[in-house]
Amino acid sequence: MDEPTDALDGVTQPKHHGTSGETSAAYRRDGQQPDAAEQLPGSQGGPVDQHLVVVGGGMVAHRLVEALRDRDADGAWRVTVLAEEPRAPYDRVALTSYFSGRNAEDLSLGQPELWEDPRVRLVRDTTVTAIDRAARTVTARRNDTDHVTSYGYDALVLATGSSAAVPPVEGTDLPGVFVYRTVDDVAALRGWVEERAARWKRPVRGAVVGGGLLGLEAAGALQALGAQSTVIQFGPRLMPLQVDEGGGEALRRLINATGVAVRLNTSTTALRPGRDGAVRRMDFANGGRLDVDVVVLATGVRPRDELARAAGLPVGQRGGVVVDEACRTEDPAVWAVGEVACIDGSCIGLVAPGYAMAEVVVDRLLGGAAVFPGADTATKLKLAGVDVASFGDAFAATPGALELVHADPVAGIYTKIVLSDDASTLLGGVLVGDASAYASLRPMLGRRLEGDPGAYILPEGAGSAGRPQTALPDDAAVCSCNNVTAGTVRAAVTEHGCTDLGAVKACTRAGTSCGSCLPLVKKLVTTELEKSGVTVSTALCEHFDLSRAQLFDAVRVSGLRTFSEILARHGRQDLPAAARGCDICKPVVGSILGSLGAGHVLDGENATLQDTNDHVMANLQKDGSYSVVPRMPGGEVTPEGLIVVGEVARDFGLYTKITGGQRIDMFGARLEQLPAIWRRLVDAGFESGHAYGKSLRTVKSCVGSTWCRFGVQDSVALAVELELRYRGLRSPHKIKLGVSGCARECAEARAKDVGVIATDKGWNVYVGGNGGFTPRHAQLLAEDLDTETLVRTIDRFLMYYVRTADRLQRTAPWIEDVEGGLDGVRAVVMDDSLGIAADLDAAMAAHVENYTDEWRATLDDPEKLARFASFVNAPTTPDPSLAYVPERGQVRPATAAERAQHSAARADGPGGVSEPRAGAVLVAGTTLEVRR
Amino acid sequence: MSAVVLGTSGRTAWTAVCHVADLVPERGAAALVGGEQVAVVRLVDGTVLAVQNLDPFSGAHVLSRGIVGSRGDAPTLASPMYKQVFDLRTGECLDPVGREPVAGGATLRTWPVRVEGGLVLVGTPLAAARADA
Ligand SMILES: Cc1cc2nc3c(=O)[nH]c(=O)nc-3n(C[C@H](O)[C@H](O)[C@H](O)COP(=O)(O)OP(=O)(O)OC[C@H]3O[C@@H](n4cnc5c(N)ncnc54)[C@H](O)[C@@H]3O)c2cc1C
Ligand code: SF4
Ligand code: FES
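Taken in sequence, the protein lines are chains A and B. Those letters in the first sequence? Residues 101 to 1032, by this note's numbering. Those letters in the second sequence? Residues 902 to 1034, by this note's numbering.
Because the hints were derived from the structure by calculation, they are not lab data. Be a bit skeptical, because a hint or two may be false.
[Claimed, not checked] Calculated lysine-lysine pairs in the BS3-like style (CA-CA distance at most 25 Å, straight line): (1) A:K301 to A:K757; (2) B:K984 to A:K482; (3) A:K834 to A:K722; (4) A:K834 to A:K482; (5) A:K861 to A:K757; (6) A:K301 to B:K984.
[Claimed, not checked] Under 7 Å between C-beta atoms, here's a sample of chain B residues computed to sit facing chain A: (7) C919; (8) A922; (9) E927; (10) R928; (11) H962; (12) S971.
Here a beta-carbon is modelled for each residue, glycine too, at the ideal position from N, C-alpha and C.
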């Protein structure tokens, strides 16, 4: 078998031009959608209402349509996208995350509204079969119905990408042999592995042919599916296109360390079937064999240039539609972008150059003169636990180039940078085992490195000076996925008023694809904010200059336990004598004291720190009444418990609803009723659910292995254990956990701050999932933990978050803020990189030890009960303004209109309590209609 | 303690609503004064102030349950509903948090308060004072 072309890197190393400002200038988006009705006829690009047909609905097609809709303010173009796959364009780069995310929607790209735009038409499940260049039409066939349609075009863009190459080896068509390119491919692969695992009740044996970026990713994916995995590499090292010999050896060891076996210098000659006809054995040229149940082919890609060939357009020597620097083919009406385009003599198997081509074509269609700026072939392997990156002239092919190498075989680190002959200009680099310098080095490509270049390849923190702080020039590309320059990021702050990383991401798109540039983007944003004096003031409010994290540490160290002392000691020095804190800093101090285990929430002066929810331990509703939520750990509740809850709700006339956190919420309780309600609940064995606090809410669980046919672990037992462990833990924002008993993920644990998913070998733990305003999926923190390690891991994660997050910062943005992001969190939590693990463990142990039920403690204390008086001079008189109307068998607060109508009716009627007028509603307090 | 009209001084009727010791410093309490809901707040220096309990931004009677604090020199009360901040002395809304009032104007009505013999007295203009309160 031939040396395979690496799937991700196309055919040859394209040449570098750095990144020109010419196209990137056009990349900024202002997010404004022109109103179709108001568009003026095309002032920019030729005749009005031209029709653009895009063949292929992949990543680059998506970017092209998006960019066109952003920039075609005059509505000169209508677009039709003819896509062979049955789904809207998705994030192929993140394909492997399909195994952890479980569903294809997680891979969606950009805003779904794009496909509802009236000037955009996406035709799925439809393959273009021919181009008639003379007539300017394409012929397309619906894959499900075989229905054939013809589409006329004014401009045609080929964005057909590549297909996975299948090596000329016997047996590649056997069942159990897969390629790795589309969602359907990975879905089929997963189905096969799961089916085999279930049938044979033993680990499935997997092999990947090809040891490039894609092969390694696939090997990791097989492993994630619970299969054993062996990488078969034809050549003498892994990732031969990105990594040199020294790095190759370090990489092999890292891969081995993840449990993936590697066979180098091994050429596969045949795949042989077993008795069931599925693949069973691999034969190698050296006489070796390997028993397998599943094989993934990752030996390279072939550009899908068949349409162009048939239409007589020139193709490259090794395939690909030949285009010029404007991405135009020989036919001025036909363009090609993405992996199918052969530009500067080669096809490029990376998404960033494809995006750049899409922008170029859009610019040209609108009358611009953009040219392809040259490809950024920097790559970073996306495989958990294996940090590998390569960029620029990684092999020091430039004449006179110097190589600077740091190798630490014990630590598994190999880092190298390539410099120009005068040792000043950065030409490229290879980073294996520690790619932390990648984000800051990559944009410096082709530029002078300030300071001692050696400092970049030493591990971070080594040496006294540390890494030089590089001042990036404005035109340096920071995010290559989205082609965003340092200048654009800076302008987002200085000109567009972005004040945090999230806003800058939304404004510029930097960091929204692979995420590898985020540390750098963040640094730029912070520097810029500081410079512009908008100061990233982390000051809490006018009373404290400290951030929440700083205040937390200060209070922990000073040991102060009352607000007055804390304000006097840690507050601003120039405060007026009358300064007493505010609704910002008081709850923060309350939460900090709560986290530090400083007694009951209602004690002493600290009773004034909390908003009403924490103060009366219930959730304020819109009319001033409260809702009550007893804890039901893991969503488990006995029939007796349910009956008590039902009786309480009925007797107090409360509206009941099941919450998303698998428990029951009772609404409409008046302040003065809360103790009586809780007396009944506590007597029945319930305790506070902390639904009111910035604290642990619930641990949601599926039913798990005790009942479920598919469960592999007891998810409910774990959820109960976790909920009882973390109940009452005060935190910067509410926290939610979830536990699923198998990979089917019925508990939706990955939407939680901490999600636990059972595996055959233990538990996988995911962190940083958030619902709410900006939903996020949790990311994998660690795999196959036993229960003890799992609990310790969650202990540390939560405590670290509690201590260092900002006020009201949820876990996802917090992780982004931690130095090193998720990897940084992992280092602290799993490897104790800051040496604080013992401290975190002790803090959590103290929390667990000191937990008491706030409601029980309150009911036992007459002084605290006094605070539930409705009126200080009429403690049991209900708030006369409360009014309710029946709806679907329960009550709800009356609307303003209903109240007005009622008072009018009352004024008319005899004696006040009248039958309301026709059409009027009954208005009553919650308990008026029910037995007490 | 129920409301008692304690006496009139000048043109104001004074209603005793509670003992000053019943009020936790910086934790408001609601009181019924002449049929109206009043939020009564005792500051750390012993001053007692009274504003309407009706939150103009939500229409609910909840201001007594907000957080007491300060902005500059002004003692403040923050609505527990949508977090608007009011000057306790004048009732002025210092920070509408980008919202519009739904019930009356943004400025709170205030009541004069006296502390006499350990009792907290809330004053109502005589014409509005009702003996049956
Ligand atoms: C597992 C994996 C991991 C990757 N990781 C990275 C990475 O980390 N970094 C990186 O830069 N790149 C990565 N890549 C490569 C990246 O995904 C591609 O470079 C990118 O998707 C190319 O986009 P495209 O639009 O040119 O082609 P595609 O995304 O392949 O889209 C082409 C689409 O056109 C359709 N099509 C083809 N012919 C026709 C026809 N005749 N009619 C209608 N439709 C047609 C195809 O079905 C396909 O949907 C990865 C790829 C894979 C598979
Ligand atoms: S996640 Fe698995 S164990 Fe839990 S209910 Fe779903 S299928 Fe069953
Ligand atoms: S470089 Fe990939 S998101 Fe920025």
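Discussion item. To test your reading of the hints: which numbers does this structure violate?
Written reply: 1, 2, 4, 5, 6, 8
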